[in-house]
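Please work from the sequences and hints to get the whole structure.
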Amino acid sequence: MTPLKPIRHSTRIALGTLFFILFFSSWGAVTVGGLVPATFLADPLQMLAGGWSLLADHGFLKDIGATVWRVLAGFALAAAVAVPLGIAMGAYKPVEAFLEPFISFARYLPASAFIPLLILWTGIGETQKILVIFLGSVFNIVLMVAVAVAETRRDLVEAAYTLGAKDGAILARVLIPCNAPQIAETLRLVLGWAWTYVIVAELIGASSGIGYMITNSQALLATDQIIFGITIIGFIGLVSDYFFKQFNRKVFRWSLSK
Amino acid sequence: MTPLKPIRHSTRIALGTLFFILFFSSWGAVTVGGLVPATFLADPLQMLAGGWSLLADHGFLKDIGATVWRVLAGFALAAAVAVPLGIAMGAYKPVEAFLEPFISFARYLPASAFIPLLILWTGIGETQKILVIFLGSVFNIVLMVAVAVAETRRDLVEAAYTLGAKDGAILARVLIPCNAPQIAETLRLVLGWAWTYVIVAELIGASSGIGYMITNSQALLATDQIIFGITIIGFIGLVSDYFFKQFNRKVFRWSLSK
Amino acid sequence: MNAKLILQDVSRTFEGTRHHAPVTALQPTSLVVNENDFITVLGPSGCGKSTMLRIIAGLDAPTGGRVMLDGRAVSGPGPDRGVVFQSYTLFPWLTVKQNICFGLREKGMLQAEQNETADRFIHEIGLRGFENHFPKMLSGGMQQRVALARALANDPEVLLLDEPFGALDNQTRVLMQELLLSVWEAHRKTVIFVTHDIDEAIFMANRVMVFSARPGRIKKEVGIGFGYPRHYTLKTTPEFSEYKSLLTNEIREESIKAATLLV
Amino acid sequence: MNAKLILQDVSRTFEGTRHHAPVTALQPTSLVVNENDFITVLGPSGCGKSTMLRIIAGLDAPTGGRVMLDGRAVSGPGPDRGVVFQSYTLFPWLTVKQNICFGLREKGMLQAEQNETADRFIHEIGLRGFENHFPKMLSGGMQQRVALARALANDPEVLLLDEPFGALDNQTRVLMQELLLSVWEAHRKTVIFVTHDIDEAIFMANRVMVFSARPGRIKKEVGIGFGYPRHYTLKTTPEFSEYKSLLTNEIREESIKAATLLV
Amino acid sequence: QTKVVIGISGWTGFAPLTLADKAGLFKKNGVDVELRSIPQKDRHLVLSSGAAQCAATTVETQVAWNANGVPNQQFLLLDRSHGGDGIAARPGIQKVADLKGKTVAVDAPGTASFWLLAYILKKNGMSMADVNQVKLSPQMAANAFVTGQNDAAVSYEPYLSTVRASKDAGSVLVTTRDYPVIVDTLGCAPEFIEKNPQAVKAIVDSYFDALDMIKAQPKASYAIMGAAVKQTAEQFEESAKFIRWPTRQENAEFFERDIKPFMADATGILKENNVIRNIPASLDVLYTTRFAK
Ligand SMILES: Nc1ncnc2c1ncn2[C@@H]1O[C@H](COP(=O)(O)OP(=O)(O)OP(=O)(O)O)[C@@H](O)[C@H]1O
Ligand SMILES: Nc1ncnc2c1ncn2[C@@H]1O[C@H](COP(=O)(O)OP(=O)(O)OP(=O)(O)O)[C@@H](O)[C@H]1O
Ligand SMILES: [Mg+2]
Ligand SMILES: [Mg+2]
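Residue numbers (the working numbering), protein chains in the order written: chain A, 490 to 747; chain B, 490 to 747; chain C, 8 to 270; chain D, 8 to 270; chain E, 9 to 301.
Derived Cβ-Cβ restraints for the label pairs, each shown as a range: (1) A/A527 with D/V30: 55 to 63 Å; (2) A/F509 with B/G614: 31 to 39 Å; (3) D/N256 with C/G133: 19 to 27 Å; (4) A/G657 with C/S189: 32 to 40 Å; (5) D/D126 with B/P666: 20 to 28 Å; (6) C/S189 with A/Y731: 45 to 53 Å; (7) D/N256 with A/G657: 46 to 54 Å; (8) D/S94 with A/A527: 56 to 64 Å; (9) B/K494 with C/G78: 24 to 32 Å; (10) B/L537 with C/G83: 45 to 53 Å.
Rather than coming from a laboratory, the hints here were simulated on the basis of the structure. Glycine included, C-beta positions come from ideal geometry on N, C-alpha and C.
Now the structure itself:
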């Protein structure tokens, strides 16, 4: 094969489909034949049946709704706090000097380890779950936004000054619009991670949500439902990412390459 | 304040220190005074005392060692699988077409939700914990490496061809060395995330590790020990990141800006 | 002839860092720029041309001496000195028209008046029909035309251009020179124009300043005796060749000096 | 005079995509390049000069016609045609010396011989003492000198240069032209050199090819009557001005045509 | 109506509370109860946060919570485990002493499983340090054991029955039939009891109403209680065999006579195992006899 040589679109699709066919047929081969017992790994049809029963009989849609709501609420809260803070840090060096060492450190604190403390502080209601997402996202957003703003092209800033802009206008008319696409990309990336935190938050003390369902299925050794739950989270993550990307493309057309 | 205006190094340090002074003194103020009871939030001195007792009396160093080992093992495994796969995907479009749709999807599967399945499949030994780190890291590394390789400067590849390089040499003498710094950066980034997965892995079925200690401390409502554990993870993350960064700087001197 | 802009012993030394010794970019330099002057500045790479221009623009502060504009000392950037940079500095998130209006809005001009002014300049630089294009959709030459219009729309006292055509191909560059000259003749601004191109320096200027290699200073001034307007065929006249031969020798000497300085 | 390289009705049309109609970059073009020719190619932006060069290099395939080198049809890139690109294409992870050895190692040359060859070329381009520098540590002009050495070290039949000095400042460019000419005189390679700069085209070539605006084809060939070696003062002679005036008019016409084609 | 949140788990012994809730008995007695399922190891955190006012758990856990700064005053005996909790072990392990040096899956300190293991080891002259602990919740411990992991597992019904069902994996070594030390009580925050004695009384009454209902309509009651833990009435009845729900009489006796010495015994073992840092000054504040009459 020649490195970097493009292939036709149809070959692409065929190969991608082939993977899934191979994947499902080998999964089916080891499970349906009974090579691997169902308590270890459900077969694909079982998974679909289990998923259907979850949706039809156990109100799984409500769980999905609860999970989505938690992620969006926690993420929106994190964005609302982190974006202005990140812009302030990126634009004003004293603010950066003040906060940066702490936030660089705080970013490595695992949100999941905060769960006991969060339960102590806020109970096991929605607040606790939302705060797990919040803690897992906020520091990363602050730092990434701050880096983007701090690296704004100096020549654009200087051009604005020579056109008569004052300090306030530099912030509002240059730094913010210039970095808006990158801030939106940062948010998209972090939203992708948030889907993985929510499960941890729901493993404890939840009475709804996909993570709650997974914990329940675990008790029953229902590998079909566990796999279905994981798959659903994957799909939601993929879909939300897709729409976020489309949104960014629409809104920030000017920043795309020709 | 003037946007983007640099400040002196000494001011930087002073402001950064000021934050920590304010942080600890307000933490102390609310806790030592008894405004917030110790069961909610230990005071800073308690935290240090609790940490000391963990280290001195409860063999916490062994826990730290266990956690570090798990992260490094899971991460090394992920890197060993993902880097060659990512390079193959980036360089050869048919490989990319075959694997990309699945891996893009798999990346959104939350590693923590796999814990019940992993326990079923591999038990609750080290393998399970290492696999949580592995699953949390491997797909991201593959994709990021593949993107880096696929975006190799075409003019360098063409230059190599005009110098007589054949397809194999393009891979070995251009694509790999050219992207080595970015691959190393990807690994550094993903290692940073791995520190946050390990705690989740240790919440269940562990008999050592920082996450295990945090669960144990919970019964005692020992917020001092919980906070100490979280802080230690943060520090280890920070320190490992620092050394990784230094390593990359040393090895890839050619890629730094002048 | 009125003195518009005066440089009195302006010098600039960049502080050393841990890895680098201090760099003197500009030796004390004095210059009197008259109203309507079109001054071009020629010199080898790294000789301090951009540094001087940035000090005049107020984007950098001199370590010695001062810059006077219309008798007042310059203390920072302002709309009275329009700048066109070598790098493309249109705001990528604004359309052509919005870019031209940027400074007008800062002045507090009414929207209607802004539009009218912008339209006038868009017409002048021949970009009718591109009002609502984003910079990414324009070629390099078109972007620099808009940058020129944006600077001129602010009606500055002095126009400072730092190799504005440096990144354009030769043919586009020649067309842009003619455009700039025609605009200059219409508005009669005072212009300081930095370039590497000897042909360009002669073709545009009434006075050419030649810089010495680093640390820079004005080594020679050459008055150009051609009147305006100028036609491109001027470049192949013997008089032009004479200026060129003179400046080529001056510059060559400095370039070789600079090349040996380079690491 | 032996025909080294022959282009027979070479043409190139880029397939259309969803958003773009097909683009004819090169109309059927024929050209015979003799041994030791130094051909420069002049033309407005987008007229297909790079496309033609890439086809000769084997980096792109023609949609019609064929390229013959020493009687054999060209089917892909190879070490018999050295290329220097406008963009800096030194391998940033290799030192100057390692870059020059890249092709030699591909040939299977012994390490000692590689070193010796590399040292010879490093000397020739005047970069003694920079053997172990990484490209990032070099100026643009120095990088292009190394790129030239890297191409020459492979001892190619033909040297293809696509605006190699386009990103350099004017003075450095002039020095590089003289360097290239001296190297060419020493090695007597066959050279095809694409440029935007009319002075450069005349100063270097024994034959200048002028391309028409897109879709490109060779519109005019001008033989340059100066002998080699040439001295830089040649550029200010009346004969030079005459060539320049002729080519300026040719190019200007095409440039204006091209500018109206541009969006 | 007073609103009160009670933290419980799916443990069969707590099922009458579920029944009282589903059958509207709380409402009838004038108290608005919300039952929330919270893992035992996290339940005190929730109490401490104020998100729940009351919690059901084992007596020694009540002691640990109080000693660790989460006051909870017990007033109602819920159930005694009668073989409902136990330790499953591999075929080679014949007696408790054989556990020495083995790997045992057990829940975190502050849970009934941990307590049971600590207690049994102590009574057999060993301590927790003599086994390798692997932290798993009772259900996961049982599942892991069945799939061949660990040498022993501390669990409870219905998960213990999964072990009984798979004979190859091992058998149940000891249960609370041998060591009847798993006793569940319900408690509330002292201030809550102080301010809302009516509500507490209503909870107690509802609980006994539920026991009466089980006696009167066993099938219907088992169905309701089973549904809450995704079991059929039959399955539930099966697991209910391993526990005892006390009468009003037994309840009164427990609080008058048994609870204090039991707690005193527990404090020692808890302290030895670092589940509590200090022995409570007085055990009297840990319970009240005024409702168990
Ligand atoms: N911010 C800075 N810090 C340190 N040194 C600087 C800085 N800016 C410029 N210099 C140095 O000052 C000297 C003059 O730079 P300047 O950009 O003015 O040269 P120039 O004449 O514009 O060159 P060119 O033709 O390449 O644009 C150079 O040696 C440069 O390295
Ligand atoms: N890969 C491609 N796909 C589609 N169109 C292309 C491609 N490469 C070049 N073109 C088009 O072919 C035409 C000729 O391009 P080419 O790069 O050969 O021009 P050029 O003469 O080298 O221009 P310049 O002087 O700007 O380098 C241009 O219109 C260009 O847009
Ligand atoms: Mg400059
Ligand atoms: Mg080209």
